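Novice: Spelled out, the chains give:
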Amino acid sequence: MISILGRLVVLLALLLATIGAVVSFAAAQRNAGGAVARARRLAYAYAVMMALATALMIFALVRHDFSVSYVAQVGSLATPLHITIVSLWSSLDGSILFWGLILGAFTAGSAFHLRRSAPDQLGYMLGSLFVVGIFFTFLIAGPADPFAPTPLPVPTDGPGPNPLLQNHPLMIIHPPMLYLGYVGMSVPFAIAMAALFAGRLDRDWIRALRSWLLVPTGFLTMGVMLGGWWSYEVLGWGGYWAWDPVENASFLPWLTAIAAVHSALVLQRKGTLRAWTVILVIVTFLLTILGTFLTRSGVVNSVHSFTQTPIGPIFLAFLAFCLVGSVVVLAMRMDTLASDPDRETLWTREGAFLINNLLLLVFMFTVLVGTLFPIAAELVRGVKISVGEPYFNRMAIPVSLGLLLLIGIGPALPWGRADNRNVRRALLFPIPAAIGGLLLTFVLGGRSWGVLATGALAGYATWVNLDQGLRLSRRRREDEPWTEAVGEAVRRGARRYGAYLAHLGVIVTFVAIAVSSSYQVAHEATLRPGESMTVAGYHLTFEKVNALSEPHRISERALMRIERNGKNAGMLEPALNRYDSRMEPIGTPAVRTTLGHDLYLSLMNVGTDGSIGLRAIVTPAVVWIWIGVFIIVLGTAICLLPAGLRFSDRRPDALPGVEATA
Amino acid sequence: MNRKVLLLGLLLVAPLLVMLGSGLQHDPHEVVSPLIGRLAPDFTLADLDGRPLALTALRGQPVVVNFWATWCQPCAAENPIFSELARRYAGRARFISVIYQDTPEAIRAYELQRGSWGPALVDPESRTAIRYGVYGVPETFVIDARGVIHEKVTGMVSFEGLTRTLDKALAARNLGEKL
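Here the protein sequences come in this chain order: A and B.
The opening residue of the first sequence carries number 260 in the working numbering; numbering runs sequentially from there.
The opening residue of the second sequence carries number 1384 in the working numbering; numbering runs sequentially from there.
Hints were generated in silico from the structure; no laboratory data involved.
This structure is a prediction, so every number in the text was calculated from the model and none was measured.
All residues carry an ideal CB built from backbone N, CA and C; glycine is no exception.
There may be inaccurate statements among the hints.
Here are the simulated distance ranges between beta carbons [unchecked claim]:
1. B:ARG1497 with A:ALA781: 15 to 25 Å
2. A:ILE263 with B:ARG1510: 37 to 47 Å
3. A:LEU264 with B:ARG1497: 44 to 54 Å
4. B:LEU1393 with A:ALA636: 17 to 27 Å
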């Protein structure tokens, strides 16, 4: 029953997307407002259909309706309710349906938000979104149909979702965040395509581009971080980033999205980098499709990748269509987006933005080459190889230091022409902060040149961003109370504050990554009940193993008593879980987090004689990576505050002494 | 039309697509089983009725060993393929299955509904599966007449693929007999 209904709804959505694409492009070409309004309503209807299809699937999952093939594939009577619901995205077919839901929401959301835009631009944008929609809805309707009926007889129970996904609550929010970022990149792409088709990237459309670029970039930032956090809390190897192809797939569009956010700013402010911004936005979208292809087709090997599926070739065809289509449209229409003449020197803020863009692109190409190299090697030499962490780290460290340097230098530099004296003063002024950062790092125990350089650059950048951020609130009128002045400044300069806050978040994250990856201490031991081990000031005593039987798994927990510097610090229970459908046990590490460091216990094995193999890792500053990213996302959200958006409407001279953009 | 942009773009895009297309032909998950070309690990397992069956007793003809479970969808899809193969190669090759992480009751109910194409052997504590390096189900091993593992199929078998392998194994056996 649900199979039939679900398929019907999906087919209807496919029909709506197809009609929507035709209506949108036709209306855009005629610049007809009425017809574009109809296309807009089709976008809402499409979103409703995708929501309905998803609701039907969740209903089937919760009801354990094993006559629906996806439910038979991932459902199980023993699985708890909340995991049953999130198993919507635990396997290929369901995750594509979830993709469709988010795409529908973004299509409808952008259609509504930009409803007052010029008909041709809006029409082309909707048309482009519908084309993406057609492809994904087609996948749901045919090749990856989650509603397909199960071959008879219908099983009475299923295997349940992948055990790795059942192990941690982060799995409930990590995929949605990542999807919101990934799928959301369709909107700026569609806006960029519309600019090319219409041959116009005017003030309003630049603003639309920037807002709709910031939204998915914020989600993507969050999603990438949550992925690292999940892998840290679940996989049990004590790290948070392994340059796994799927991690890279989420990181690649993030790098170009960040580059685009910055070049869009220069565009908004100076009118330059027009075509460049459009290209960056298009590349970002193409990288999301490439990433999805890599993870869904089984071309690369990874913990995350879904197994061999028939959708590989279809996805490749869509990727080819998007790549070639983008190149052709760019070649045909790029000349219509001539930038305003640019006569600036390198030592200006625009110059810093440009270098930031280049560094991010170098970073992206490095990661891309490392990710695709195994495929190329197999094609050319017929050997299976994998590209390891050393390759990525060798490249990532200098580029990250370069970016950190720019976070300091960029905001310190003035826009436009500046005389050398001012530049020199602006750049030399924060040097004491750099020395302070260096000394602080040294005193806290930093010895490697990478960590010391990070400390110095972080000190410099923190000073500059705090100084720039606070500069607005300093300009209050004599009779105005401070509270009002700050409130007014935040309201007016939301985008500035957001940007500087995001920069501070990046600084925190970079420092935390440098410290945590340089000063990890790990120790392994085999312990019998009553025995103990010592690692980095911790005294760990193994008491016993508790076996816990749950409906969907059997969990063996090692009770560890923790003492730090002779004082009791509670218990930790690293576990090994055995799921019905898997032979290999899956570990759940136990983590004791403090602001300074994490104690991380990973249970390696439980012997028949009651002994355990335990891996204990002490890593400094890990928690600051998550905190730093939260700050970045908060900054991004502040950038999107309505006041900040409206603010850019005003001419800069309307507010004496205050720069319109940051 | 900006020819420079077009040319540069296509020059970047074309090799990428060729490479990804070629990547589709390979399965990166595929790890060549170290068992291939070696003597198949022997086992003596009981079927659902408790009748023991030893692998060595089947020497002299190719044997297909399929690891499966009732909760596994691809296994269910394989069922008609094995039924047809068992019918076609009756008397020339043997088809047996080893149950992986499942209960005898579930298997009985399943076979009542879908029929059975060969003995389904119970594998206590997955010992045999471990010796064969089974990672997930379905996995299928083709053992030739001398008891050497000829091929391993991870995931669903294809009718044509298995036919080809079995024909090769049979031809090798006949050649061996002639020599």
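Novice: Find the hints from earlier in the document that the structure breaks and name them by number, from lowest to highest.
Specialist: Numbers 1, 3, in rising order.
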